[in-house]
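Visitor: To convert, take the position in the sequence shown, counting from 1, and add 119; that gives my numbering.
A portion of the hints provided could be inaccurate.
[Stated by the list, open to error] Heads up, simulated DSBU-like pairs for lysine-lysine below, C-alpha to C-alpha not over 35 Å straight-line:
#, residue 1, residue 2
1, K205, K336
2, K336, K155
3, K155, K165
4, K205, K165
5, K336, K165
6, K155, K205
FYI, nobody ran anything at the bench for these hints, they're computed from the structure.
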Amino acid sequence: MAERVRLVVLFGGQSAEHEVSCVSARHVLAAADPNKYDLEPIGITKDGRWVRATEALNVLQGGRELPESLTADGPVIDPIPVIANKPTDGGTAQVVNGGDADASMTVVLPVLHGPNGEDGTAQGLLELAGVPYAGAGVLASAMCMDKSMANTLLAAAGIPHAQWRTASIDDPGGVEDGDDCHLDDIIRAEAQTSIDDIGLPMFVKPANMGSSVGISKAHDLSEVVDAIRLAARYDQTVLFEQAANGREIEVAVLGNDKPQASVPGEIIPGAEFYDYDDKYKGGAELIIPAELDDDEIAAAQEMAIRAFQALRVEGLARVDFFYEDGRNGRGDRGWMVNELNTMPGFTPISMYPRLWQASGLAYPDLIDHLVELALERHARRRRHSHTDH
């Protein structure tokens, strides 16, 4: 990066993962090298307002330590002019570290988790604004957020996954009076069909959500019914997946057309599965690197890159596996991709930055790579953009 970069850290958002995003953004801002970047935190409130996060800006300008979580509070802004560094009042963007905002190149790091941020919506706005941004593009973001679509495309690419099916179900909390009984019949019917198709135990998930929000592991018909009701609160498309009897392994991938894979890490859940509390309250045991032999490591890394490319991801992703190795009473189906997360958590206990640290890439260097990849992809896309024919 020859020029000093104005790095906009976009956080918050209108999803159940708002709080996780606020923690991730804090640690990105703390790790970014102030000698390279003019930092500008922009928050999105839960009701969709875009704000300049003045509290975080003041802390950064004062050289003080950031709080453990940012807050999406501050003056409301018009997002595209501010993101693109072209304020409508003719002024310049407010940045820290004494940089020259007019002369710097802007890159956006959208540390947004879940719907309305990680699903291609924010990426589409950034494309329209003509601003380089880190992470997957519109198509890959949308495909990876929708677990049903991702599973379909992974299967087409010959990448193994546990057996699954989907159903479209209205939110039980939002139905009109008098429709409750009809919806209850639909839910029970879908629960029984799923049991007949894929067996028990099973996972029931909202198709478009992350951080294990709305996910349940169900062992009988009653639990499947309850799990459907929970999942349908977050998405109309509900995903049913056969439970795997294997180890939970994760691999971090970084790159554009030549992605690289980190060492694998293993998760030993503190609960029955790797749920929200395990991920963000430290309930799980994380083993980095995972205890795998050279052939197993190579297989996980190769499949992670295949999945990354099959879903046309760029920048970064965390690829989550179930590994049935046939040992200690586990199943014997081998490696199965569970899902790809195109904007994984960046909290202190998040796997993605920790996997790269274990692979020799420190947190500040990881941010540098993400910025470089954003600039490279933006330049490449501009070379292929024409209005003539």
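Visitor: Honestly, which of those hints from before does the structure not fit?
Guide: When the structure is compared with the hints, numbers 1, 2 turn out to be violated.
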